[in-house]
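**Student:** Listed below are the residues making up each chain.
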Amino acid sequence: MDLAPRDGESVSLLAFDRDHINQLFTALAEVDAIVGQPTPKIRMGGGGVGIEVPAERLVEVARTLRDSLGFEMLTCVTAVDFVDHIQCLYHFRSLASNWLLQARVRLSAEQPEIDSLVGLYPSANWLEREQYDMVGVIFKGHPDLRRILLDDDFQGYPMRRDFRATPVTLRDRATTQVDGERAISGEQQRDQERIVPKHVGQGNEERIHPGKPTFGSAAVYLETGQGLLPGDMQGEIETEHGYEVDKDDPAPTSRS
Amino acid sequence: MTLETNQGNLGGAPSLFTEDATGLRSEEMILNMGPQHPSTHGVLRLVLTLDGETVMQCTPIMGYLHRGMEKTFENRPYMAGPRYIDNADYLSPMINEVCYAGAVEQIMGVEPPPRAQYIRVIVQELERIASHLVAVGTYGLDLGAFTPVLWAFRDREVILDLFESLSGHRFTHNYMRVGGVLYDLPKGWIQQCEDWATRFIDKNLPELEGLLTGNEIFVSRTRGVGYIDPQQALAYALTGPMSRASGVAFDVRVDRPYGAYREIAVRPQVQTGGDCFARYRVRMDEMKESVRLIREALDNLPSGPISARSPIALRPPRGETYFAVETGRGEESLYMISDGSEYPYRAKLRAPSFVNLAILPELLRGTKIGDVIAILGSIDIVLGDVDR
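So the sequence lines, in the order shown, correspond to chains A and B. All letters in the first sequence, in the order written, are residues 154 to 409 by the working numbering. All letters in the second sequence, in the order written, are residues 11 to 398 by the working numbering.
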């Protein structure tokens, strides 16, 4: 999908001062000189101006914006997955001139790499880390490009369009954790309360907690030798049943 | 001088000893502060590297409250958005909703009726006061003053009661709609609001201020602590009281007025101290300014409809927008892309707490450990806003 830039006049009723915006258009001639050709410029809602910058010129353009045009603040960094390409958007603010500028950079979907702006704007540090975390854009030259909001061992980038919103991590599943694939299919609810026969000593490895028989199965007592087992329960061990989520043994039997 | 030993007590890494002239040796210590710590105001974890009482390094670890809010927006229709953005900055849900509704309105090119815009200003300023009351009250609590939080919550309760009678909920109001607000002001609400404003500005706020502003312990713990100079504030893109306390007079309500702020002029509250005390002062002054704005909006409240006619299944035209509002913590903005369907293609929430928190490692480097709480509290983060 690609956005067709709409005519600026119809975008917003919050019409900002026309002269004010035109001053910014005039000032942006410096950016055109760096890029080497006139960059596409659009008027945005709320009095902002959008430009497009080639990825290899971004740092030079940002330096000009900061030093020459007075854009002191890098307010926001956004990466958007457009399936066939990825866009990186930078929002700059100039407080002295009260300008809002949106710089759009087009990256390839296979290898989304772009130079980091941390050297120019310290606020880019966490903003870029967040976009790396969510969309997977590689910011070259970033001093500390790690995941910031998600787990370090999280797989995938959630804000990509092809991301499936199921919990996937590299870690082994904890015994209480629901398998993500089964959680969305509804299988989990059917399986959870199923009772399967359990023989002496056949306990599921995951269920044995040394010194803490939480599941009440006599098999656990026998295998670990921990906990107390009353003598008159000895005869009942073979009929003890447990609860188990087991896909391989689908035959449900009744509680004895 | 530094010596490396093979005592692998820091997770296998060689520990670092420093030795001074008298032969006394000290060792760097790693201290985990949080995620369960009362003064982190939520679930923030700070890994502090200490040399004695001096903080050498601070590594914030966050994400414990990450709920995938931006992904949720992509999978919910536009009309459902305000309910989810409520939980971002859970101390100012009304302002979050204005941010979402305003972004969609800007894409669609519609404007709410004047009465709705004025109601929005009133509830936003009430929310700002409630948010600042929590900030100031818990800041006192962090620094060992117990009474301010009780006195601050006294007024916050009234504000929440007003919101309850207005929207039905004390939190997560779900009150804003694209094109207006959900309910009109109930009978007697304006009188209640004015009564509370008079009581607050004449009696309760001076009482609260008297507890802290002249308090010798409070002043000595905050004045000159956590200094941010204006250049630093701009470089780190700080907004809200964080930057206004450093002399950077940026306020979205003033520089990019939205809604009825185009008619009700806001006086930005600026201090030049740059320290924790200045940030506290900005918050106190903003509460007084908010009361003035509420009174002005109530006096000039227009009559008429409270919502523009908009379909249930909103399909904004293709386009993009960047819409910013001023919360109690700074500039909150939503970059939203619409592809013409019922769901936003992308909605990026620029959270003020997240951006403001990024300066914390810089601020803490070289300070004493006792000041960590004072500096962190003065940033006034909401972890729901940081993690989203």
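Hints may contain errors.
[Unchecked claim] Residues from chain A that face chain B, not an exhaustive set, calculated with beta carbons under 7 angstroms:
id, residue
1, G198
2, S221
3, E225
4, T228
5, C229
6, L248
7, G272
8, S276
9, W279
10, P311
Hint data in this document are derived by calculation from the structure and do not stem from the laboratory. Cβ coordinates follow ideal geometry from the N, Cα and C atoms, glycine included.
**Student:** The structure should be examined with respect to each hint, and the outcome stated for every one.
**Tutor:** Results for each hint:
no.: 1; hint: G198; verdict: holds, 4 angstroms
no.: 2; hint: S221; verdict: violated, 16 angstroms
no.: 3; hint: E225; verdict: holds, 4 angstroms
no.: 4; hint: T228; verdict: holds, 5 angstroms
no.: 5; hint: C229; verdict: holds, 4 angstroms
no.: 6; hint: L248; verdict: holds, 5 angstroms
no.: 7; hint: G272; verdict: violated, 11 angstroms
no.: 8; hint: S276; verdict: holds, 4 angstroms
no.: 9; hint: W279; verdict: holds, 4 angstroms
no.: 10; hint: P311; verdict: holds, 5 angstroms
The earlier numbered hints that this structure contradicts are 2, 7.
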